[in-house]
Amino acid sequence: MNLNSRIKFYFFFLFIVFTNVCLSQNSDITKEQDSVINKQSLGYYAYEFSLPITTGDKFAGQGLTGKAGFNMKLHAFVYKGLFVSGTFGANYFKVKNREVVGNYDKTTSTHQYLSLGYEISPWNKLRMGLSASVLGASYFKNKSGYDYDEAIQRDSGRIRSYDFYVNYMLTNELALFLNYAYRNDKMNIKVPTEIQEQFSNANFHNIGFGIRVCFGKKDIISAM
Amino acid sequence: MKRYVFLLLGLMAFVNCKPPEFERNTRVLIKGKMIDENNQPISEVDISVYTYRFSGYIFDAIEDEYLLGLGKSKTDGSFEIISLFDKDEDFAIVINGNEKYTNYTYLSSTTDHTPEDLVFDLEDKQLKSVSKVNYSINRTSPEGTTFRFSFQYSDINCIEYFNEGVLEPELSRCFFEINSGSFLNDTYPDYSNSFLTPIGTVVEFHYSINDQSEIIETFTVDQENYEFEFSY
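From first to last, the protein sequence lines are chains A and B. First residue of the first sequence: 487, per this note's numbering; consecutive thereafter. First residue of the second sequence: 136, per this note's numbering; consecutive thereafter.
Mixed in with the good hints there might be a few duds.
Stated by the list, open to error - If you want the footprint, here are the derived chain A segments under chain B, 3+ residues with CB under 8 Å: (1) 530-543; (2) 575-588; (3) 671-681.
Hint data in this document are derived by calculation from the structure and do not stem from the laboratory. Note that the structure is predicted; figures quoted are calculated from it, not measured. The beta-carbon is built from N, C-alpha and C at its ideal position, and this holds for glycine as well.
Just chain B, with the same shape it has in the complex (with noise of 0.2 Å):
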């Protein structure tokens, strides 16, 4: 008995080596516009179709990511796909901005649910012109001062996620708030990094000096490359 308990636990571990197949003959199409805040259209924006699947021997199983469909917008915006199609969990449609624009994602379990007409439209979709905000701190305090700062900014990924069809706000996440920040002192007294966030951001800074209390300042970034300088 133990013999084949131990055969069938080896083949087990061995099922999921094989490729994943996706659904058979079948063929999705993408379709939509790509419009910016001013509702012009945008070309050349990537679109790719993925979906999920567990790879690996049983002890080891990692979640790889399958590429099912791709394409980009035409000039006047809009986009046709045409992708394979697999029953997944987190079947997505990703839209890359390329940190020119904000990146969009539709989320959708496609396990029981396959759109009748085999037609995924994303109609008019808004993507917001994406700032590249460049900062730097330099300190000109005496040694031994210490600086906590962090920038609170609206991040540049909209996630949407439908359950047959039908947007489910409470599972979607757009332009989540991000808080990115560090502790400098005399081992790192300067520092200088950057972070992609929306034009039209207002960016709140908040920084302590010597662990004294928060000071917030706020600025609007408003164009393509904003540079933020500070010294304390």
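Just chain A, same shape as in the assembly (with noise of 0.2 Å):
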């Protein structure tokens, strides 16, 4: 079982747990009315700032360093804590070593998908939350040069991004928050075989946190 199955292994048993322990509590929220933060919203607004970790031996981890980053989420909830998430967001990659990559000195790296998740509520003021992309793109800018020598090449890869967060309630539209992102980009690079493995993935971790802003007091279903 290589790195990637073992990722998506441990991300659905780890799914499968939280789904469980959601739906024997979500019998409970009713009896907790008299709680200070409310147990559920239509969806939230949030804005990341991360720190991109590249992994592994393909070109990404051998390569390239990640600087910085920043995410836009929206989510929404469907049903209790199933939630649909649409994500946007750019990462920052210096490269270490331009003999793995090609030369080029940085990237910046855009990306959009939509993930499905679950969010359950150990505590009253802590959501944690677990969700896997469905779809979306990368899309890799490498700048070499500066002014007069600056050109350009990009890549492109299909996104596979498995989340799980952390958040803090402060009042019933504030959180803060902590992220954890697997990042493992399908690449569309086109190579010689003898280098296909060392360009067929992009991977990396993402650390981020940020501020989460709620609205809305019912699931999408509940409250239609």
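Reassemble the complex: the two chains are provided individually, in unrelated frames, and hints are given to aid placement.
This is the structure we're talking about:
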């Protein structure tokens, strides 16, 4: 079982555990109407600053170093903890080994994707969630030189992101959160057979923190 | 109508301000092996991949050189360079012998031709050892004597042009003959300089004193640093 399969396995295992915990917990929600923080909202906007950390033996892990990143998320609860999330963001990398990636100095990777996930609330002010991307793309803009000798080359890929987050609710509307994402983008780069494996995927961890602003009081289905 | 023409010209003038973009989602592999004239591997030789693009404004566009990939040969002389790719009439793979060995350039138009397997295989590439010839010419004759001289020797560059992977000898130039010299008189009676040529080259030294008939002497460059002194 390779790294990717293992991550998927653990991710879906946790997902099932979360789902079970949540289903048993949600039956008690009505008993906790007097709690300070609302358990349910329609969704939230989130703004996140992140640090991408490249990993693995592929071109990103061997040739790039993460510098910074950001994400904007729109998150909507479909039914109870089940949510759909849309993410748009960017990560910035600098090249640490040009012999691995080709001659360029830095990379700006933008991404947009839709995720499906589940969120639980183990304690009154705490939310935890897991999600996996189902649709999306990433675009790598590689730059070399400065000013007069600047040049650009672009790569693209299909995004594969597995996210885990913890939120701390400050009020009913505002929360602070920590997010961990494992990115394993499937790249579209055409390369000779000898180096195909090296350019097949781009792997990196993404550790982020930010705020989320909640809206609504019921999930989509309950609100209908 | 005039306004639109000027607007169009203005827009065209700025079109080239955008930085050039190379082939999307593509990497090529440059591979081969460096050997010397005795078939021994050469390590630490610089290999660079270049493309050329016009930049600047429409009326003062200049051709700029862009580095797409770079690397060095290993201990066993082999090299594998991962490079960006560009469709260009002068796609060049440059092997720089760093004045120790001869230089080699693989030149090809990639505008209409990209290798199917995305590999540029240079196979075994033989570089010749290079000698630095330091020469010094001094005047011992009386004032008013003039001296005209030139050296004829082989250059250290080899440029091979390939069309769709096939060598085009007519468009290639390897170790072509160079002729360089000077004229010495009372203002500049002495002269010293140097040039690079492959070891083993037979250099022709042409000279003429006071514009009399030309004399040709030859010498074979047989060491890394060759000293040549001449008095007239």
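Each hint tested on the structure:
1. Remark: the segment 530-543 of chain A is not confirmed as covered by chain B, as 0 of its residues place a Cβ nearer than 8 Å to a Cβ of that chain, below the required three.
2. Here's how the segment 575-588 of chain A fares: 5 of its residues keep a CB closer than 8 Å to some CB of chain B, so the rule of at least three is met and the hint holds.
3. Remark: the segment 671-681 of chain A is confirmed as covered by chain B, as 9 of its residues place a Cβ nearer than 8 Å to a Cβ of that chain, reaching the required three.
The structure does not agree with numbered hint 1 stated previously, though it agrees with all others.
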